[in-house]
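Undergrad: This is what each chain is made of:
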Amino acid sequence: MVGVRNALLALLTLGPSHGYELKQALERNLGSVWRSVNIGQIYTTLQRLERDGLIREEGVDENQRGKRTYNITEEGRTELKVWMATPTVGPRLKDEFFTKFILAAHSGIADPLELIEAQRNEYLQALRELHQAAETDGDLSGSLLIEGSALHLQADLTFLDRCEEQYLRSRT
Amino acid sequence: MTEILKTKNLTKTYQMNGSSVAALNGVDIDVAKGEFLAIMGPSGSGKSTLLHMLGGLDRPSKGEVHFRGVRTDLLSEAKLATLRRQHVGYVFQFFNLIGNLTAADNVELPALMAGVAPAEARARREEVLSRLGIADQARSLPAQMSGGQRQRVALARALVNEPAVLLADEPTGNLDSDSTRDVLGLLRQTNKAGQTIVVVTHDPNVGSVADRVVRMRDGRIVAETHLEDAADPRGRMSQLIDLEMGA
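Read top to bottom, the protein sequences are chains A and B. Here the working numbering is used: the first residue of the first sequence is 425, the next is one more, and so on. Here the working numbering is used: the first residue of the second sequence is 258, the next is one more, and so on.
I should point out that these hints are in silico values taken from the structure, not numbers from a laboratory. Treat the numbers as computed from the prediction; the structure is a model and nothing was measured. Don't take every hint at face value.
[To be verified] To give an idea of the interface, some chain A residues facing chain B are shown, with a C-beta separation under 10 angstroms as derived from the structure:
no., residue
1, 428
2, 466
3, 476
4, 544
5, 545
6, 558
7, 585
8, 588
A virtual CB, placed ideally from N, CA and C, is assigned to each residue, including glycine.
Chain A extracted, bound-state conformation (with noise of 0.2 angstroms):
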């Protein structure tokens, strides 16, 4: 899963940090989406990362039973910054969004403001894009997936406004 990978990332970027402390982070944080992360997809993610060179071993923790501690590295950042200032592609990723959403503003990676502006700009291309298929067909299957499209996308721009309320109204 993508997502595990760059949240992973993010929450690195708070400092140095093992396998299981970044499960907990994971699960106070984005719970609510992913109640099925385990410590052993924690740990090859982990592994896979640092094969990568996005995180590198920072040693092992000996107050910590021995656990291996890791660290973001520029790489790993350069990576994480990508993936944050890519819209979502259509509105079935929205957990995408949200999940990205949710990382920047606990890890202050991104700029929550941002990424929704990016989103919002994202959908509504969409919806333009709908709305010109809209007139080049004519038969009713494709007219209604085009309004249900449609209205989803409606429904995704209407929770980013809820999203920037909500985030706004915590800031202050």
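Starting from the structure of chain A, add chain B where the hints point.
TA: Chain B only, in chain A's frame:
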């Protein structure tokens, strides 16, 4: 790019219960000839106030409004009213048609008020009613028409003087989905024929047909984006529908 409207540091403060509230807080915006611009943002963000300033319906507390090179914020009431009648078309959320006039008379009235000769006003009214597909409603009263038809009449009325800019405040705010689609189609068609349009809206459907969308918050413009037509709308549609259907 010819500029039709431009504001500099536009500011509007209202007095409310003894304290001053800023509805606009230093807005700089340009509108180019032929552009379709949407202003979006939450309630109270200042978007309607901005539209009123652009159209000379209200005056700023500070800052400048340039309409085709003229400082409208400095004009006398009388000159401003003339400019509005001749060069600005308005469409509102609640249509604002005159209830005891037929659709045709509602459309013709602004032409007469702008000093157009009666025969010419009549010819213009016929042309715009037929262009907007409501020629057969010409003799109906507003109360006899659906919301969508009323908004078409309101649009015809706004266009009868061939305004330099068409300003619309929540034009789909009171319409069902089918009428919304009709009105959006007409706005697009009107813009493609060269009409400059500035629309204030909550409705993302309206925002999505504009070429540029600015977003306001707390009396300021906080973001801007340009939208483009799809090279391949059908291909894009299949992609979006696959995502919707979880394929």
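Undergrad: Could you check the structure against the hints above and give me the numbers of any it violates, in ascending order?
TA: The structure breaks hints 1, 2 and 3; every other hint is satisfied.
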